[in-house]
Amino acid sequence: MSSSKSEAAAKPSNLISGDTGDWEVVIGLEVHAQVASNAKLFSGASTEYGAEPNSHVSLVDAAMPGMLPVINRECVAQAIRTGLGLNAQVNLKSIFDRKNYFYPDLPQGYQISQYKQPVVGEGKIEIDVDGEALTVGVERLHLEQDAGKSLHDQHPDYSYVDLNRSGVALMEIVSKPDMRSAKQAQAYVTKLRTILRYLGTCDGDMEKGNLRADVNVSVRKPGTELGTRCEIKNVNSIRFIGQAIEVEARRQIEIIEDGGKIDQETRLFDPARGETRSMRSKEEAHDYRYFPDPDLLPLELKQDYVDGLQQHLPELPDEKRSRFMKDFGLSAYDANVLVAERPSADYFEQVAQGRDGKLAANWVINELFGRLNKEGKDIAASPMSADQLGSIVDLISSNAISGKIAKDLFEIVWSEGGDPATIVEARGMKQVTDTGALEKAVDDIIAANPDKVEQAKAKPSMLGWFVGQVMKGTGGKANPAAVNEILKQKLGI
Amino acid sequence: MTDLTKLTLSQARDGLVAKKFSARELTDSFLTAIDKGNAALNAYVLPTPEHARAQADESDKRLKSGNARPLEGLPLGNKDLFCTNGIRTTACSKILGNFVPAYESTVGQNLWNAGGVMLGKLNNDEFAMGSSNETSAFGNVVSPWRRIGKNGKPSTDKLVPGGSSGGSSAAVAADLCLAATATDTGGSIRQPAALTGTVGIKPTYGRCSRWGIVAFASSLDQAGPITKTVRDAAMMLKVMAGHDAKDSTSVDMPVPDYEAVLGKGVKGLRVGVPNEYRVDGMSAEVQKLWDDGIAWLKAAGATIHDISLPHTKYALPAYYIVAPAEASSNLARYDGMRYGLRVNGSNLTETYEQTRAEGFGKEVRRRILIGTYVLSAGYYDAYYLKAQKVRTLIKRDFDDAWNTVDVMLTPTTPSPAFAAGEKSGDPLAMYLEDIFTVTVNMAGLPGISVPAGLSSQGTPLGLQLIGKPFDEETLFRTAQVIEDAAGRFAVPDRWWIKG
Amino acid sequence: MQVDEATVRRIARLARIRISDEEAQSLQGELSGILDWVAQLDDVDTVSVEPMTRVAAHALTMREDVITDGNIAGIVTANAPLSEDHFFVVPKVVE
Numbered sequence: 180m181s182s183s184k185s186e187a188a189a190k191p192s193n194l195i196s197g198d199t200g201d202w203e204v205v206i207g208l209e210v211h212a213q214v215a216s217n218a219k220l221f222s223g224a225s226t227e228y229g230a231e232p233n234s235h236v237s238l239v240d241a242a243m244p245g246m247l248p249v250i251n252r253e254c255v256a257q258a259i260r261t262g263l264g265l266n267a268q269v270n271l272k273s274i275f276d277r278k279n280y281f282y283p284d285l286p287q288g289y290q291i292s293q294y295k296q297p298v299v300g301e302g303k304i305e306i307d308v309d310g311e312a313l314t315v316g317v318e319r320l321h322l323e324q325d326a327g328k329s330l331h332d333q334h335p336d337y338s339y340v341d342l343n344r345s346g347v348a349l350m351e352i353v354s355k356p357d358m359r360s361a362k363q364a365q366a367y368v369t370k371l372r373t374i375l376r377y378l379g380t381c382d383g384d385m386e387k388g389n390l391r392a393d394v395n396v397s398v399r400k401p402g403t404e405l406g407t408r409c410e411i412k413n414v415n416s417i418r419f420i421g422q423a424i425e426v427e428a429r430r431q432i433e434i435i436e437d438g439g440k441i442d443q444e445t446r447l448f449d450p451a452r453g454e455t456r457s458m459r460s461k462e463e464a465h466d467y468r469y470f471p472d473p474d475l476l477p478l479e480l481k482q483d484y485v486d487g488l489q490q491h492l493p494e495l496p497d498e499k500r501s502r503f504m505k506d507f508g509l510s511a512y513d514a515n516v517l518v519a520e521r522p523s524a525d526y527f528e529q530v531a532q533g534r535d536g537k538l539a540a541n542w543v544i545n546e547l548f549g550r551l552n553k554e555g556k557d558i559a560a561s562p563m564s565a566d567q568l569g570s571i572v573d574l575i576s577s578n579a580i581s582g583k584i585a586k587d588l589f590e591i592v593w594s595e596g597g598d599p600a601t602i603v604e605a606r607g608m609k610q611v612t613d614t615g616a617l618e619k620a621v622d623d624i625i626a627a628n629p630d631k632v633e634q635a636k637a638k639p640s641m642l643g644w645f646v647g648q649v650m651k652g653t654g655g656k657a658n659p660a661a662v663n664e665i666l667k668q669k670l671g672i
Numbered sequence: 009m010t011d012l013t014k015l016t017l018s019q020a021r022d023g024l025v026a027k028k029f030s031a032r033e034l035t036d037s038f039l040t041a042i043d044k045g046n047a048a049l050n051a052y053v054l055p056t057p058e059h060a061r062a063q064a065d066e067s068d069k070r071l072k073s074g075n076a077r078p079l080e081g082l083p084l085g086n087k088d089l090f091c092t093n094g095i096r097t098t099a100c101s102k103i104l105g106n107f108v109p110a111y112e113s114t115v116g117q118n119l120w121n122a123g124g125v126m127l128g129k130l131n132n133d134e135f136a137m138g139s140s141n142e143t144s145a146f147g148n149v150v151s152p153w154r155r156i157g158k159n160g161k162p163s164t165d166k167l168v169p170g171g172s173s174g175g176s177s178a179a180v181a182a183d184l185c186l187a188a189t190a191t192d193t194g195g196s197i198r199q200p201a202a203l204t205g206t207v208g209i210k211p212t213y214g215r216c217s218r219w220g221i222v223a224f225a226s227s228l229d230q231a232g233p234i235t236k237t238v239r240d241a242a243m244m245l246k247v248m249a250g251h252d253a254k255d256s257t258s259v260d261m262p263v264p265d266y267e268a269v270l271g272k273g274v275k276g277l278r279v280g281v282p283n284e285y286r287v288d289g290m291s292a293e294v295q296k297l298w299d300d301g302i303a304w305l306k307a308a309g310a311t312i313h314d315i316s317l318p319h320t321k322y323a324l325p326a327y328y329i330v331a332p333a334e335a336s337s338n339l340a341r342y343d344g345m346r347y348g349l350r351v352n353g354s355n356l357t358e359t360y361e362q363t364r365a366e367g368f369g370k371e372v373r374r375r376i377l378i379g380t381y382v383l384s385a386g387y388y389d390a391y392y393l394k395a396q397k398v399r400t401l402i403k404r405d406f407d408d409a410w411n412t413v414d415v416m417l418t419p420t421t422p423s424p425a426f427a428a429g430e431k432s433g434d435p436l437a438m439y440l441e442d443i444f445t446v447t448v449n450m451a452g453l454p455g456i457s458v459p460a461g462l463s464s465q466g467t468p469l470g471l472q473l474i475g476k477p478f479d480e481e482t483l484f485r486t487a488q489v490i491e492d493a494a495g496r497f498a499v500p501d502r503w504w505i506k507g
Numbered sequence: 212m213q214v215d216e217a218t219v220r221r222i223a224r225l226a227r228i229r230i231s232d233e234e235a236q237s238l239q240g241e242l243s244g245i246l247d248w249v250a251q252l253d254d255v256d257t258v259s260v261e262p263m264t265r266v267a268a269h270a271l272t273m274r275e276d277v278i279t280d281g282n283i284a285g286i287v288t289a290n291a292p293l294s295e296d297h298f299f300v301v302p303k304v305v306e
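Residue numbers (our numbering), protein chains in the order written: chain G, 180 to 672; chain H, 9 to 507; chain D, 212 to 306.
Isolated chain G, as found in the complex (with noise of 0.2 Å):
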């Protein structure tokens, strides 16, 4: 691997130092993530998870004698529509190989795979750390076969083997190495997620392990050759990901700096200890011996077809972003919260939709998500309908209520349901805007208070205290715009 763009010089902020002076860790990922589907990507058992052993496996699955893959086509589709949303080349001719090695939980004693000639070529990944932006290098992304699974901890002397994940289809997507950090490495793979979960091509559940990452680390000082990599296995978190980096570098280093030298080899990361150690045992005699599966055949694309699927990919994460800046006059930052998820940003659009988009947006982020993750629910379990929030916004907009009052009629609606707009009528939450009623409340308050409007004409920040005790007296029904421009005029100030 090579990196994608001439060398810019390391940032000191994502340097480590040793004893020696500052190192730069260079990351590059292999993430493998599961292909959306409803079969498996060579047999027709189904892809669901958590059903009982081996009741999700064909005799092909099981590799029995003479039985022979069909590849799934929605599953082919699934790959073109990533590497369509990843902007990177799609080849037209693409070969499936086999990968040989024994385990028990490979029943063929090989793995169909993409080595030569995968699916999807070179494409890019566009990130931001902390309002940087950086532009990550994809190498390519192929589809292959999930391994079983083995349980060790069943019996003493034997390992248990369930085949349901056996054959599932994966996406293996490869990164340049082309990041710096661990927050870089992070940031890469929640976008990725995000963008695999817009495209519909993977539902990003790492919990499952249907989206996890080989992770590769090496160290150097800074503008000198590429280190020597180690692969950590398997990191199936987010956070697991940026801790393994930060681990690994250190370890690398101290080696490098006690003299050492760095083995090319591949580690797993142990979250418990905080620590990668070494899979010594895996590594022994790795030979692969890839070639041409002669089970199948090239897989042929026609140009019309991947223009198709290109045709009816969903709006990505990026364009929605800058549409929602634009559309909508968010900030970069608020318009990143809404895409991060294509629910969120839907509902936002649906609140959105012919209203004050920027104060959509503050009751969408603020409350309603706030909301959301205290009680732990996902969008699309929220108890309040996207034209129920807007129907509070336009109460908001129009003057009919006071973003106080709109605070408790959002938890009405929350707790209760029903229309904002008949709840607002129905309780008397409508506010006061009645400038004769204003002015009684006023008066009443002026007269309770004369040491305080001596004070308030000596200090005119008093006037907040006043228009509070109005607001109070009013139950939050009155306007405090009215209120205020009321007590200037009153007070003199």
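I should point out that these hints are in silico values taken from the structure, not numbers from a laboratory. The structure presented is a predicted model; accordingly, all values stated were derived computationally and were not measured. All C-beta atoms in this analysis are idealised placements derived from N, C-alpha and C, irrespective of residue type, glycine included. Keep in mind that the hints are not guaranteed to be accurate.
Here are the simulated lysine-lysine pairs, DSSO-like style, with alpha carbons at most 30 Å apart [to be verified]:
hint : chain 1 : residue 1 : chain 2 : residue 2
1    : D       : K303      : H       : K370
2    : H       : K476      : G       : K272
3    : G       : K481      : H       : K476
4    : G       : K556      : G       : K362
5    : H       : K403      : G       : K272
6    : H       : K254      : G       : K272
7    : G       : K295      : H       : K403
8    : D       : K303      : G       : K190
9    : H       : K102      : G       : K278
10   : D       : K303      : H       : K69
11   : D       : K303      : G       : K387
12   : G       : K278      : H       : K370
13   : G       : K278      : H       : K254
14   : D       : K303      : G       : K556
15   : H       : K403      : G       : K278
16   : G       : K481      : H       : K254
Per the computed footprint, the stretches of chain D lying under chain H, defined by three or more beta-carbons under 8 Å from a beta-carbon of chain H, are [to be verified]:
hint : stretch
17   : 219-226
18   : 296-303
The hints should help you fit chains H and D onto chain G, whose structure is shown.
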């Protein structure tokens, strides 16, 4: 009653339809012949008499009600490479142990759906690796043919029936079935057919589904029949062939009625005779056989053309890279984890290594090691990639030749049947058995072997016809002309029948 | 191509086939002989030749994304040397 086992497939079909005998009577005749004869020949590794009788009874019902299917009630043998639902399938390897599939190969299912009756599972070289049926875990198959010694009497040397489909060729030649399934990766249908005086056709790659057939080398394997006559082969292939959505390499093309072309002759047909098949050391009798074939086709109105297939001599070495490479990977699934033999070691790796050392025979182990070697890091380009490039050139030779000829004629084997043990000590000598047949697999073409004469020792010799892709029809009508001219070659004496 | 004993052992290990000392010896000769024989391919000029990646000349067959198989755990494990509750039971895998 005449001996029903002597009938050809088509004669038996006609006899059943004419109600001269019942399917049950026919099947019972064969079961009796197997009872009495199989011990000496070892053609069947698992006779399935109850299964056969049940199928025959069903056929009798259909025959009675006039609903006969194309192969209704016709007793067949099934090579043990074909998986059979509920019936032990081993590929004649110890490593499959007592494996009982829960599925039927597509080709097998096609035969049973057409009314065929399965008499049992036939012996073969282990995983179809061999040219003499001396590598089977169930022991050698003995050819029903015997050499005539200088004294004019049959020798007691046990001749090989060819391989890997040696059970199929022996059973058909010895009248232990009407016809048999077989597979051909480098010559495993045509060579045993040639050595036993039977007809064997390997169709175009993709014509028959490979689903449910134990794989040897996926890009070369094809199923086909071994039969007593050309017509019988046409009947069998018509039923065995056809598209199968479960095999990505199966071709979606209609299957012609091969029997319909049999009388059409070869008038005006351009027959190519490739120079490169005149190899050093070819015996005079094989040369004469070839000349006879040329003469018969010429007499029937064909034109004969000398052609060149320049890369012919490289086909066999390229084959012995490609086939073992694919086999080394295809046979990785036999690891003692999910089915078949497991020999426990003190850890997982030892279990793998002991299982595979004890489960695979010597020739299979040798080929797995060769295949592993040629695919291993640093050697892939020099061996496997090189061989696949040579394969492109071999195919190109044929593509060029089809501009000037319609079919090619060659001998099937360089020599007649040999005795067991004569070649088994020297792998290279054994590999040379495939020298004329293997190019056809490398290029994915159809090839048929037809009996054409007897050697000086009284054992059969075959001629091979090679056709254009999916032009099996031309092979059948040309083969029929040769069969008509040469006559049929039945074993003179049923010495193997006991009691 | 002379294959040495270390290579024979490495290949046998890759193929997961145990070989005895005696076999390691005899295989050296057999493999060397076969490799010498296939070395005649070196005489063929293949510089501008594409390797054969298909025998059949049609397009790759594809299946629809429909669940048509599975729920046969009993059948899948029926031939297993050792199984329990539809798991394949295999010698301990040491990570």
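Quiz item: What hint numbers does the structure not satisfy?
Solution: 8, 10 and 14
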